[in-house]
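Number of protein chains: 2
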Amino acid sequence: MKSIEKFYYNINSGRHVCVGLDTDFNKIPEFLKHSDDPVFEFNKIIIEKLSPFVAAFKLNFAFYEALGQQGFLTLEKTVRIIPENVFTIADAKRGDIGNTSQMYAKSVFDYLKFDSVTVNPYMGEDSISPFLNYNDKLSFVLALTSNPGSKDFEKLTLKDGEFLYQKVINKVKEWNKNKNCGIVFGATNFSELKNSMTDLASLPLLIPGVGAQGGSLNEIVKLMNQVNHNDFIINVSRSVLYKSNGEDFAEAALSEMLSLNEQINNPA
Amino acid sequence: MKSIEKFYYNINSGRHVCVGLDTDFNKIPEFLKHSDDPVFEFNKIIIEKLSPFVAAFKLNFAFYEALGQQGFLTLEKTVRIIPENVFTIADAKRGDIGNTSQMYAKSVFDYLKFDSVTVNPYMGEDSISPFLNYNDKLSFVLALTSNPGSKDFEKLTLKDGEFLYQKVINKVKEWNKNKNCGIVFGATNFSELKNSMTDLASLPLLIPGVGAQGGSLNEIVKLMNQVNHNDFIINVSRSVLYKSNGEDFAEAALSEMLSLNEQINNPA
Numbered sequence: 171m172k173s174i175e176k177f178y179y180n181i182n183s184g185r186h187v188c189v190g191l192d193t194d195f196n197k198i199p200e201f202l203k204h205s206d207d208p209v210f211e212f213n214k215i216i217i218e219k220l221s222p223f224v225a226a227f228k229l230n231f232a233f234y235e236a237l238g239q240q241g242f243l244t245l246e247k248t249v250r251i252i253p254e255n256v257f258t259i260a261d262a263k264r265g266d267i268g269n270t271s272q273m274y275a276k277s278v279f280d281y282l283k284f285d286s287v288t289v290n291p292y293m294g295e296d297s298i299s300p301f302l303n304y305n306d307k308l309s310f311v312l313a314l315t316s317n318p319g320s321k322d323f324e325k326l327t328l329k330d331g332e333f334l335y336q337k338v339i340n341k342v343k344e345w346n347k348n349k350n351c352g353i354v355f356g357a358t359n360f361s362e363l364k365n366s367m368t369d370l371a372s373l374p375l376l377i378p379g380v381g382a383q384g385g386s387l388n389e390i391v392k393l394m395n396q397v398n399h400n401d402f403i404i405n406v407s408r409s410v411l412y413k414s415n416g417e418d419f420a421e422a423a424l425s426e427m428l429s430l431n432e433q434i435n436n437p438a
Numbered sequence: 171m172k173s174i175e176k177f178y179y180n181i182n183s184g185r186h187v188c189v190g191l192d193t194d195f196n197k198i199p200e201f202l203k204h205s206d207d208p209v210f211e212f213n214k215i216i217i218e219k220l221s222p223f224v225a226a227f228k229l230n231f232a233f234y235e236a237l238g239q240q241g242f243l244t245l246e247k248t249v250r251i252i253p254e255n256v257f258t259i260a261d262a263k264r265g266d267i268g269n270t271s272q273m274y275a276k277s278v279f280d281y282l283k284f285d286s287v288t289v290n291p292y293m294g295e296d297s298i299s300p301f302l303n304y305n306d307k308l309s310f311v312l313a314l315t316s317n318p319g320s321k322d323f324e325k326l327t328l329k330d331g332e333f334l335y336q337k338v339i340n341k342v343k344e345w346n347k348n349k350n351c352g353i354v355f356g357a358t359n360f361s362e363l364k365n366s367m368t369d370l371a372s373l374p375l376l377i378p379g380v381g382a383q384g385g386s387l388n389e390i391v392k393l394m395n396q397v398n399h400n401d402f403i404i405n406v407s408r409s410v411l412y413k414s415n416g417e418d419f420a421e422a423a424l425s426e427m428l429s430l431n432e433q434i435n436n437p438a
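If you read the protein sequences in the order shown, they are chains A and B.
Residue numbers for the first sequence follow the working numbering, beginning at 171 and rising by one.
Residue numbers for the second sequence follow the working numbering, beginning at 171 and rising by one.
For the record, the hints were derived by calculation from the structure and aren't laboratory data.
For clarity, every value in this text was computed on a predicted model and none was experimentally measured.
Quick reminder that beta carbons are idealized off the backbone N, C-alpha and C, glycines included.
Keep in mind that the hints are not guaranteed to be accurate.
27 Å max Cα-Cα, derived BS3-like pairs, lysine-lysine [said to hold, decoys possible]:
no., chain 1, residue 1, chain 2, residue 2
1, A, LYS341, B, LYS321
2, A, LYS203, B, LYS283
3, B, LYS325, A, LYS325
4, A, LYS337, A, LYS347
5, A, LYS341, B, LYS283
6, A, LYS337, B, LYS341
7, B, LYS325, A, LYS321
8, A, LYS337, B, LYS329
9, B, LYS329, B, LYS343
10, B, LYS341, B, LYS329
11, A, LYS329, B, LYS337
For the chain B half of the interface with chain A, some residues (derived, Cβ under 10 Å), not all of them [as the list claims (entries may be wrong)]:
no., residue
12, ALA232
13, LEU237
14, MET273
15, TYR292
16, PHE323
17, GLU324
18, LEU328
19, GLN383
20, GLY385
Over the 12 Å line for every Cβ pair with chain B, so calculated as not near, a few chain A residues [to be verified]:
no., residue
21, TYR179
22, PRO253
23, MET367
24, ASN431
All chains, full assembly: derive it from the sequences and hints.
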């Protein structure tokens, strides 16, 4: 199955949860810490347990790079054991001048074989287009993020009255000739998301910020249903991965995960 | 010598050139391609030859990540052989929510032991502050970059009449409590640089975009002299690294490098 087909296959099967493998050595259960590659062991157990129920796994590159070359190897090993039907996201927030973005695209798509990537729009079109030249891969462009700093620049008002993040969304629509652009929009900015749904109509959404960061899953799901926007995935990380710190961590993660699926498919 | 001291030690000794090790396997001389780690061999020879004359080496992470875990190892090996007196820049353009930026900071400062990093401001203060918490390390924030896409967002006019990149510069000045912020400003945007020099007065500048990208070194140097701003480094990559493709590549790079030093210290 091609990467973009895989995205739609999952959401059309009612799977909207993306589990972010922000795996932190310090937070995994003690009994795993003595294996050769503890972060990989943790990921492997989570992937085996949760795969039938998730839309996607998202690997946050920072958590692997923090461990250097060994961490990069763990990242490679992890992405290779994710089952073929599950969509994969390289959460790298890359973006640089054209010839450099080309190299980042090679890294995530050719070498690591991810289905999609997150990219930062600040440097403009030629920093994003090397990713978009991969027709079959999805690139999620940051519009309005879930963190407090989203107010510093993303929410600034431009001379023409638009917010910067709205300008980003409109540019992404221009760049979307291969129908392979998506948008990152943080759940913590719910009213802005609500106001942007018309602009976002045709775009796959990656929504972080529920759980540890405080966004409301129920509000998001009701909004998506209301405007009939089915092309979304909700990212959760810490609230699933570290639900339990004991030998039952994978069971606890699964139970949390199934509860999220239930909340999405049968919202209160 | 501490990282920030090292920056000033070099520029106060009249060394303003940063050589960007954007090393591309496809562009290095044929005779190196059969060694165990061709990119490392190339970097090693360049570093040995050029170190006495450069202010800094900048490693562009994309070129290493494109080769996967092996590339990450090459990056590690390279940064470790850069002589202690030469300033090092992790050109990674990182930036993410706080707990993730924290991990990126750990990677570039604790693990790889770089003196400085480039960071992308789009996500705002909490995406940058984990880097700034390393008191002794310099963080160069992207303001106005050297690529064509810099017009898409960075040059947008805000409601209050400022350009977005000016707002970034002003925010960076607020965040500069530890005097460890710098700015990336592309040489290709010369008139904007000229108009920003008052705002940039106290800030170390990393200036890419001369050479292959078309910015004028002579114009930049005359401007810096005019406004008496000595805290700048000029990045060059392709025009030095690939000056010759033969066995004399290091000699050719050195000769180009010495010519740049001459142009900076005795501008026409």
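TODO: Output the numbers, in ascending order, of every earlier hint that fails for this structure.
DONE: 5, 20
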